[in-house]
Amino acid sequence: MDIQVAALCDAATDYKSKLNMLGTFNSVYTTELPANYPQCSIALRIVFKRIEEGEHKLRINFVDEDGKFVMPSIELPFEVKVPNNDSYLYRNFILNIQRLKFENFGQHAIDIAIDGRQEASIPLEVKRLPEQKKETGKDEKA
Numbered sequence: 001m002d003i004q005v006a007a008l009c010d011a012a013t014d015y016k017s018k019l020n021m022l023g024t025f026n027s028v029y030t031t032e033l034p035a036n037y038p039q040c041s042i043a044l045r046i047v048f049k050r051i052e053e054g055e056h057k058l059r060i061n062f063v064d065e066d067g068k069f070v071m072p073s074i075e076l077p078f079e080v081k082v083p084n085n086d087s088y089l090y091r092n093f094i095l096n097i098q099r100l101k102f103e104n105f106g107q108h109a110i111d112i113a114i115d116g117r118q119e120a121s122i123p124l125e126v127k128r129l130p131e132q133k134k135e136t137g138k139d140e141k142a
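Take 1 as the starting number for the sequence shown in this note's numbering and just add one per residue.
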């Protein structure tokens, strides 16, 4: 098994086994907490060998730097069956997430496990956006 792609992005689709991703990112900026991120997707492309045929379980854990869950774990059972005329099975997984809520600034991670073994981790940092001074439109004298 080989994870070719593991990314957090604005949107992802699978069209005829082609993985399409829009706007990959690794940081979220906000002025205050809690912060709500309206929509994002976790996109994975995994290659399986014939010897790996059978039932498997994909598990996604989205955690902050203290190990606290940002959202409930996602567990997805799936089957690997390599077509007779192929040596490998290429499989795309897309998980769309709505209204993702961040309670803390700092490092976060999307941990990806297959059959109980961690295979990859996608880092994400929630950063404080400096507040902008509001312009009054008046000339200020020193």
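I should point out that these hints are in silico values taken from the structure, not numbers from a laboratory.
Treat the hints with care, since some could be wrong.
Claimed, not checked - For lysine to aspartate or glutamate, the following EDC-like pairs were computed, each having C-alpha atoms within a straight-line distance of at most 16 Å:
{"hint": "1", "residue 1": "Lys68", "residue 2": "Asp111"}
{"hint": "2", "residue 1": "Lys127", "residue 2": "Asp86"}
{"hint": "3", "residue 1": "Lys81", "residue 2": "Glu103"}
{"hint": "4", "residue 1": "Lys81", "residue 2": "Asp111"}
{"hint": "5", "residue 1": "Lys57", "residue 2": "Glu119"}
{"hint": "6", "residue 1": "Lys57", "residue 2": "Asp115"}
{"hint": "7", "residue 1": "Lys101", "residue 2": "Glu55"}
{"hint": "8", "residue 1": "Lys68", "residue 2": "Glu32"}
{"hint": "9", "residue 1": "Lys49", "residue 2": "Glu103"}
{"hint": "10", "residue 1": "Lys68", "residue 2": "Glu119"}
{"hint": "11", "residue 1": "Lys101", "residue 2": "Glu125"}
{"hint": "12", "residue 1": "Lys127", "residue 2": "Glu79"}
{"hint": "13", "residue 1": "Lys57", "residue 2": "Glu79"}
{"hint": "14", "residue 1": "Lys127", "residue 2": "Asp111"}
{"hint": "15", "residue 1": "Lys101", "residue 2": "Glu75"}
{"hint": "16", "residue 1": "Lys49", "residue 2": "Asp2"}
{"hint": "17", "residue 1": "Lys81", "residue 2": "Glu55"}
{"hint": "18", "residue 1": "Lys101", "residue 2": "Glu52"}
{"hint": "19", "residue 1": "Lys57", "residue 2": "Asp86"}
{"hint": "20", "residue 1": "Lys127", "residue 2": "Glu32"}
{"hint": "21", "residue 1": "Lys49", "residue 2": "Glu75"}
Cross-check of the supplied hints:
no. : hint            : in the structure
1   : Lys68 x Asp111  : 12 Å, holds
2   : Lys127 x Asp86  : 45 Å, violated
3   : Lys81 x Glu103  : 41 Å, violated
4   : Lys81 x Asp111  : 25 Å, violated
5   : Lys57 x Glu119  : 12 Å, holds
6   : Lys57 x Asp115  : 5 Å, holds
7   : Lys101 x Glu55  : 32 Å, violated
8   : Lys68 x Glu32   : 19 Å, violated
9   : Lys49 x Glu103  : 40 Å, violated
10  : Lys68 x Glu119  : 20 Å, violated
11  : Lys101 x Glu125 : 13 Å, holds
12  : Lys127 x Glu79  : 38 Å, violated
13  : Lys57 x Glu79   : 8 Å, holds
14  : Lys127 x Asp111 : 20 Å, violated
15  : Lys101 x Glu75  : 20 Å, violated
16  : Lys49 x Asp2    : 9 Å, holds
17  : Lys81 x Glu55   : 9 Å, holds
18  : Lys101 x Glu52  : 36 Å, violated
19  : Lys57 x Asp86   : 23 Å, violated
20  : Lys127 x Glu32  : 10 Å, holds
21  : Lys49 x Glu75   : 22 Å, violated
Of the hints listed earlier, those the structure fails to meet are numbers 2, 3, 4, 7, 8, 9, 10, 12, 14, 15, 18, 19 and 21, in rising order.
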